[in-house]
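J.: Line by line, the protein sequences are chains P and L. First residue of the first sequence: 1, per the numbering used here; consecutive thereafter. First residue of the second sequence: 509, per the numbering used here; consecutive thereafter.
Since the hints were made in silico from the structure, they are not lab data. C-beta: ideal position from N, C-alpha, C; glycine also. Keep in mind that the hints are not guaranteed to be accurate.
[Said to hold, decoys possible] To spell it out: a stretch of chain L is covered by chain P in this simulated footprint if at least three of its residues, at any positions, have a beta carbon under 8 Å from a beta carbon of chain P; those stretches are: (1) 524-535; (2) 599-613; (3) 617-627; (4) 634-645; (5) 658-670.
[Unchecked claim] Sample of chain L residues with no beta-carbon within 12 Å of chain P, all distances over it, derived: (6) TYR552; (7) ALA630; (8) GLY649; (9) MET673; (10) LEU674.
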Amino acid sequence: MIDALVNGLVILMDPFRMLMLFAGVVIGITVGILPGLGGLMGMALVLPFLFGMDSYAGIAMLIGIAAAVPSADTFPSVLMGIPGSSGSQATIMDGYPMARKGQAARALSASFMASLLGGLIGAAALTALIPFARPLVLAFGSPELFMLTILGLSMVGVLSGSRPLLGIIGAVAGLTLGMVGGAPVAPEYRFVFGELYLYDGFSLVILALGLFAIPEIIDLLAKGGSIAQRGPGLGGGWMDGVRDTLRNKWLVVRHSLFGVIIGAIPGMGSSIIDWLNYGYVVQTSKDRSQFGKGDVRGVIAPEAANNSREGGVLMPTLLFGVPGSSAMALFLGALLIFGIQPGPALLRDDLDLVFVIIWSLAIGNVMGTVICLALSRPIARLTFVPFHFIAPVVLCIVILGAFQETRHWGDLVALFCFGLVGWLMKRIEMPRPPLLIGFILSGLAERYLWMSYNLYDWDWLYRPLVITIGALCIALVIGGIWLKRRSAKGEQASQLPTADAGTGRAQP
Amino acid sequence: MSQADLSLARRLRTAFVVVLLILFLTVAWAAQDFRLGARLFPVYIGMAGAILCVLELLRQLITRGREKLSNEPNTADLSVEADEQNLAGYLRALAFFGWMLGYYALTFVFGFTLATVIFVPALLILRFRAPLLASAAIAAGLVVLIIALQYFLMLRVPRGLTHGMLPWPF
Chain P
1 MIDALVNGLV ILMDPFRMLM LFAGVVIGIT VGILPGLGGL MGMALVLPFL
51 FGMDSYAGIA MLIGIAAAVP SADTFPSVLM GIPGSSGSQA TIMDGYPMAR
101 KGQAARALSA SFMASLLGGL IGAAALTALI PFARPLVLAF GSPELFMLTI
151 LGLSMVGVLS GSRPLLGIIG AVAGLTLGMV GGAPVAPEYR FVFGELYLYD
201 GFSLVILALG LFAIPEIIDL LAKGGSIAQR GPGLGGGWMD GVRDTLRNKW
251 LVVRHSLFGV IIGAIPGMGS SIIDWLNYGY VVQTSKDRSQ FGKGDVRGVI
301 APEAANNSRE GGVLMPTLLF GVPGSSAMAL FLGALLIFGI QPGPALLRDD
351 LDLVFVIIWS LAIGNVMGTV ICLALSRPIA RLTFVPFHFI APVVLCIVIL
401 GAFQETRHWG DLVALFCFGL VGWLMKRIEM PRPPLLIGFI LSGLAERYLW
451 MSYNLYDWDW LYRPLVITIG ALCIALVIGG IWLKRRSAKG EQASQLPTAD
501 AGTGRAQP
Chain L
509 MSQADLSLAR RLRTAFVVVL LILFLTVAWA AQDFRLGARL FPVYIGMAGA
559 ILCVLELLRQ LITRGREKLS NEPNTADLSV EADEQNLAGY LRALAFFGWM
609 LGYYALTFVF GFTLATVIFV PALLILRFRA PLLASAAIAA GLVVLIIALQ
659 YFLMLRVPRG LTHGMLPWPF
């Protein structure tokens with residue numbers, strides 16, 4: 001294995017292959033910065049050019065895209081409160097408030113550092129777990145996958161902050177929206193009203209852009225001025241963010257490993273991992289008072305997990321030929337173009353290639369982070385430009401990104417409607433993340449519940465992993481309530497006004 | 509936030525929950541016609557949603573007039589400003605949704621590229637009194653970006669009714 005590890009690095013160090021890896025990173029950063037476009041788009045873009053290319057170079061290029069997108073999509077999330085891709089939604093929760101406080105550079109550099117460490121941990125975990133990955137992936141049947149969706153839904157409470165009931169209603173509304181289109185377990189189209197556009201259901205990208213991007217653009221235009229207030233400058237600069245990440249090194253390690261494990265489960269998309277990690281860090285933190293207002297841990301945890309996820313996603317893709325994500329489906333297609341058959345035989349016959357992939361992931365992460373760090377200061381200055389100069393550009397890109405989903409006018413109508421709903425939810429202080437989580441988990445929850453019931457009746461409830469994940473859900477919910485009560489008691493006992501008391505919201 | 513502003517937000521919240529209640533009941537009712545596999549999830553989710561909405565409405569009724577300040581992190585609001593939470597603020601924001609609809613209408617007629625050329629300077633000059641040169645520069649930059657994205661990333665832009673009648677690049 002050590003031989004293959006060294007051989008993989010030697011193979012990748014060929015100048016043309018390194019150039020292709022760099023090109024992949026640049027493409028990944030470009031599509032990551034543009035809201036609505038993601039790794040899938042980037043890979044689809046280069047796929048036609050792979051025919052006839054050296055297989056190692058082509059694979060390095062694709063992995064470069066996969067490695068760079070989760071870092072670059074942080075720019076719009078932090079600077080404008082717009083998800084750069086589906087994997088950077090949770091970063092908005094604290095990254096954007098930090099930008100509004102004039103700490104954009106700190107949020108970005110913390111995020112990039114966490115992304116780098118997460119990516120490297122993901123690559124290392126992929127290397128270390130290759131011998132053990134097969135039983136791990138096979139241990140997850142439909143009951144365990146259903147329980148993972150429940151784990152995701154159990155985060156709704158914590159993401160709803162002071163309005164848990166409204167948050168749960170939002171999650172149920174998200175589950176309902178996710179039902180539109182073809183039913184996952186029966187030959188039936190639901191709630192389509194004869195509209196062809198609705199047959200495939202709503203797009204996650206459009207929902208996310210509608211809920212988060214449009215309300216932000218509209219409100220910033222209505223308010224006038226720039227995103228961040230002039231005065232504090234860009235904050236403490238990018239070294240502060242790096243220090244923040246290093247100070248929270250165990251948080252990075254924990255969430256990176258979490259990202260790898262969840263990423264290894266096929267179907268667990270980047271958005272699920274993002275929100276699970278955000279919910280987890282909020283739930284397990286002693287001081288939760290700054291979450292949602294600009295706590296750097298709310299940036300570090302999801303970003304570390306998001307990048308390490310790529311290492312996890314590659315496990316089922318390479319080991320079984322089962323794409324761990326939609327982008328990995330394209331990656332599989334590319335492997336087939338090069339005549340490479342993924343699966344257990346790949347580990348036996350072509351371990352060098354596996355290590356080329358792992359090295360590409362690690363080096364691609366380093367390249368992506370260096371480029372993003374170099375760009376963070378100039379791009380962070382955008383937050384001081386009067387927003388009415390930025391808004392038309394952002395709105396144009398958001399509409400363009402949304403239109404790429406199906407290239408149907410329905411995309412634009414859906415974007416407008418979700419934008420209006422998101423704006424209204426924001427104004428009435430109804431939490432929006434639970435709606436998105438409900439939508440993401442809707443199809444998975446229904447499919448896995450039905451499969452579990454059909455395969456095992458209710459006996460699936462007694463499976464050890466199901467009980468373990470169930471206990472984790474209960475522990476997270478009870479732990480959250482306990483922490484909330486403890487912090488409330490502590491606040492009462494101290495009788496001291498908190499720093500953010502002035503921002504307390506009236507709660508009818 | 510003044511009492512009147514609070515009342516407006518509260519009324520809107522109640523109205524929104526009522527709309528969701530109707531939606532959930534409709535989902536549960538409409539799902540009765542589906543096959544078993546497609547029926548169970550919407551029926552139970554619809555019913556659960558309706559029950560939660562009723563509970564929320566009851567909560568709102570019980571706590572009416574007894575408002576308290578909370579320091580609990582509310583992840584609902586990323587940037588809700590107190591001075592925007594009044595009728596004038598709502599109308600100001602809604603007007604921009606009107607601008608967005610205008611952008612759509614222009615796109616429907618002229619296609620996305622030409623619509624951008626018209627919409628961007630119109631918004632900047634008419635609404636924000638921005639300098640003509642800066643507005644034109646932004647519009648020109650956007651057109652270059654749209655063309656570049658179409659060429660390099662193979663993105664497609666919405667076509668309007670006048671598609672084919674206008675010269676390149678529109």
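J.: Does GLY649/L sit more than 12 Å from chain P, CB to CB?
T.: violated, 8 Å
J.: Checking C-beta pairs, does the region 617-627 of chain L have three or more residues closer than 8 Å to chain P?
T.: The restraint on the region 617-627 of chain L holds, since 3 of its residues have a Cβ under 8 Å from chain P and three suffice.
J.: Are three or more residues of the region 524-535 of chain L within 8 Å, CB to CB, of chain P?
T.: Satisfied; 6 residues make the cut.
J.: Closest CB-CB distance from MET673/L to chain P, is it above 12 Å?
T.: holds, 19 Å
J.: According to a criterion of three or more residues whose C-beta lies within less than 8 Å of a C-beta of chain P, is the region 599-613 of chain L covered?
T.: holds (count 9)
J.: Non-interface claim for LEU674/L: all C-beta distances to chain P beyond 12 Å?
T.: The claim holds: LEU674/L sits with its nearest Cβ about 18 Å from chain P, beyond 12 Å.
J.: Under a C-beta cut-off of less than 8 Å, do 3 or more residues of the region 634-645 of chain L approach chain P closely enough to confirm the stated coverage?
T.: Coverage by chain P holds for the region 634-645 of chain L (4 residues, Cβ < 8 Å).
J.: Would you assess whether TYR552/L, listed as outside the interface, keeps its beta-carbon beyond 12 Å of every beta-carbon in chain P?
T.: violated, 10 Å
J.: Test coverage of the region 658-670 of chain L by chain P using CB-CB distances below 8 Å; three residues minimum.
T.: Our answer is that it holds, as 6 residues pass the Cβ test (under 8 Å) against chain P, meeting three.
J.: May I ask you to check that ALA630/L keeps its beta-carbon over 12 Å from the closest beta-carbon of chain P?
T.: ALA630/L not clear of chain P: closest Cβ-Cβ about 10 Å, inside 12 Å.
The earlier numbered hints that this structure contradicts are 6, 7, 8.
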